[in-house]
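A.B. asks: Spelled out from the first residue to the last, the chains are:
Number of protein chains: 2
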Amino acid sequence: MIDIVAGVDIGGTNTVTGFVTSDGEVIAEGRLSTADYAFAEDFVDALSAKIKEMLHGRDDLNIRGIGIGAPNANFHKGTIELAPNLRWKGIVPLGDMIASATGLKVRLTNDANAAALGEMLFGAAMGVKDFIILTLGTGLGSGIVVDGEVVYGHTGFAGELGHLTVVSGGRVCGCGRRGCLETYASATGLVRTVMQLLGDRREESILRDMKSSEITSRRVAEAAAAGDIIAAEALDQTSRMIALGIANSVVFSSPEKIFLFGGLAQAGDALFVPVRKYTDELVQPVFKGTFSILPSGLPEARAAVLGASALIWKEIK
Amino acid sequence: MIDIVAGVDIGGTNTVTGFVTSDGEVIAEGRLSTADYAFAEDFVDALSAKIKEMLHGRDDLNIRGIGIGAPNANFHKGTIELAPNLRWKGIVPLGDMIASATGLKVRLTNDANAAALGEMLFGAAMGVKDFIILTLGTGLGSGIVVDGEVVYGHTGFAGELGHLTVVSGGRVCGCGRRGCLETYASATGLVRTVMQLLGDRREESILRDMKSSEITSRRVAEAAAAGDIIAAEALDQTSRMIALGIANSVVFSSPEKIFLFGGLAQAGDALFVPVRKYTDELVQPVFKGTFSILPSGLPEARAAVLGASALIWKEIK
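Those sequence lines, one after another, are chains A and B. Position 314 of the first sequence, counting from 1, maps to 314 under our numbering, and the rest follow consecutively. Position 295 of the second sequence, counting from 1, maps to 295 under our numbering, and the rest follow consecutively.
So here's chain A without its partners, still in its complex pose:
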């Protein structure tokens, strides 16, 4: 018998389920369209059916539980609360619903906390007791690990470093406030910086020939690599903001490692080199040289499912 955990990554559009072994191998995968289900009840039925289907004919598999990464998930309560990107409104007790439907142990947390657990069990954070992972995508998500445990806090929603206020009266944020870290330090933040620079500066730029809706962090990174001054400046300013977020996190929990994950982190050295330089400048001197800033050790395409499964594997191991 092979012990496996179902790792479920619920996104606004799709839900991906993977069967993950204790070594972090994904031996089966299935998909659902999250957006097809107006009611959480129907989604739970569909997910249960999908898992049953994936188990069909595999008498060699022993499923130990279901770990779920989802937006606005509350680890303590197993609920999804007021998620703007999902059709299910209000507070949905998804954990209990799936446990009832399947008879299996279910755990739920948000995507970034799942990424932290995945990094700890299967990635570059094995054996690291104190670390932080920043996921640089549309927004900035974070998972914080203190003494080997993910920080969930009193509410279950701890680890919202994307909403550190870093610029008083700064950019408008989706949370309703201004100046949040993620309005600068994310793929979206990089594009916003490009737009501001295109207004502010007079240099030629390949980015002037794109619609703003076409500009992506990948295109900015490519333009910077090709010598585009505006793109390079935008990447530099974004790196500085990521560094400021790191410096303000380090005073809190003094991690040994900080992992950068997600679309923007794919820029590689073009991002890591300036982020490390600015972090060195910005961090409180007592912490200088006490931590390293590294790329995630999880493959981008598998990270969400691995992280979700790690919720259960961490309890079993």
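It is possible that part of the hints are untrue.
Pairs count within a copy or across copies, as identical chains cannot be separated in the list.
Cut-off 25 Å, straight-line C-alpha distance, at most; resulting in silico cross-link-like pairs (BS3-like, lysine-lysine) [stated by the list, open to error]:
{"no.": "1", "residue 1": "K77", "residue 2": "K257"}
{"no.": "2", "residue 1": "K288", "residue 2": "K89"}
{"no.": "3", "residue 1": "K314", "residue 2": "K52"}
{"no.": "4", "residue 1": "K77", "residue 2": "K288"}
{"no.": "5", "residue 1": "K77", "residue 2": "K89"}
{"no.": "6", "residue 1": "K89", "residue 2": "K129"}
{"no.": "7", "residue 1": "K314", "residue 2": "K129"}
{"no.": "8", "residue 1": "K288", "residue 2": "K257"}
{"no.": "9", "residue 1": "K129", "residue 2": "K288"}
It is worth saying that the hints were derived from the structure and are not from the lab.
Using the hints, position chain B against chain A.
C.D. replies: Below, chain B alone, put in the same frame as chain A:
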């Protein structure tokens, strides 16, 4: 037999030792002049002699260990490292030295972490798993408790919220950088705000008749209570900065309670009312109403000794 722990509060000028029972009663107290000892070895001898003297004739006492609160103390290593306010230079293995001299279990941490432990065992944080204490004195110290444990981090120096960068290019800080929270949100920060306002504004103020070296947070609070416009404005701006620090801490660990301690917290409602109002404005909406901001439950004069003793009592209990 009465079980006791020696709680030792090492300051730059004086060292206070108290014998603390498991209920947080201080049944004996002794003092040394820290500044008299140029060498840590001599200080250790003097402290051991003091404890011996305090135990003399008290065969009813069973001493379980020595807990120490000291500046720049490293919990993991039991060392005091590069403390600017102590005469002992470099890295001093004070924990091991005192353990050798006395044969007792010794634990060491910084003042703010000790305050957090004191609050947890003997103060207003009994039974609270997730909280933060901010000590508002000359600087801003902090102790962070996550799931019932103080956060020490990889280095042992975690919890330096006074050095969150809150104003880019802001006030010069003792750490060598600019814009750290403690340059605004502390007793010293309040006085610096008064000085800037006296330059910026034209209103009459009783504070114009004091030397800047005479202005204290207490005098500012008194002037504000008497209707002084500059003093009231300074207290308001300081409250807003404390609130910003709280808002930026809440996204990290989502505490249930935040305690304010130290000289500035003595201002009572004049501080707590605006701090709560501004925190409500500044905090990420998902955390609004999920935590409370309260005064410390420890008596100011006993807090350091109680907190230091709690280092040992927490391990025993």
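A.B. asks: The structure should be examined with respect to each hint, and the outcome stated for every one.
C.D. replies: For each hint, the structure was consulted:
1. For the identical chains of this complex, K77 and K257 are inter-copy neighbours only, at 20 Å across copies versus 29 Å inside a copy, given an alpha-carbon limit of 25 Å.
2. In the homo-oligomer, the alpha carbons of K288 and K89 lie at most 25 Å apart only across protomers (19 Å), although the nearest pairing inside one protomer, at 45 Å, exceeds that limit.
3. For the homomeric pair K314 and K52, the shortest alpha-carbon distance inside one copy (23 Å) is at most 25 Å, but the shortest distance between copies (48 Å) is not.
4. For a Cα distance limit of 25 Å, the shortest separation of K77 from K288 across copies, 18 Å, qualifies, whereas the shortest one inside one copy, 38 Å, does not.
5. Only within a single protomer do K77 and K89 lie at most 25 Å apart by alpha-carbon distance; the minimum there is 16 Å, versus 50 Å between protomers.
6. When the C-alpha separation of K89 and K129 is checked against a cutoff of 25 Å, the pair qualifies neither within a copy, at 36 Å, nor between copies, at 30 Å.
7. In this assembly of identical chains, the alpha carbons of K314 and K129 lie at most 25 Å apart whether taken from the same copy (14 Å) or from different copies (21 Å).
8. When the C-alpha separation of K288 and K257 is checked against a cutoff of 25 Å, the pair qualifies only within one copy, where the shortest distance is 13 Å, while the shortest distance between copies is 30 Å.
9. When the C-alpha separation of K129 and K288 is checked against a cutoff of 25 Å, the pair qualifies only within one copy, where the shortest distance is 19 Å, while the shortest distance between copies is 30 Å.
Going down the numbered hints, you'll see the structure goes against just number 6.
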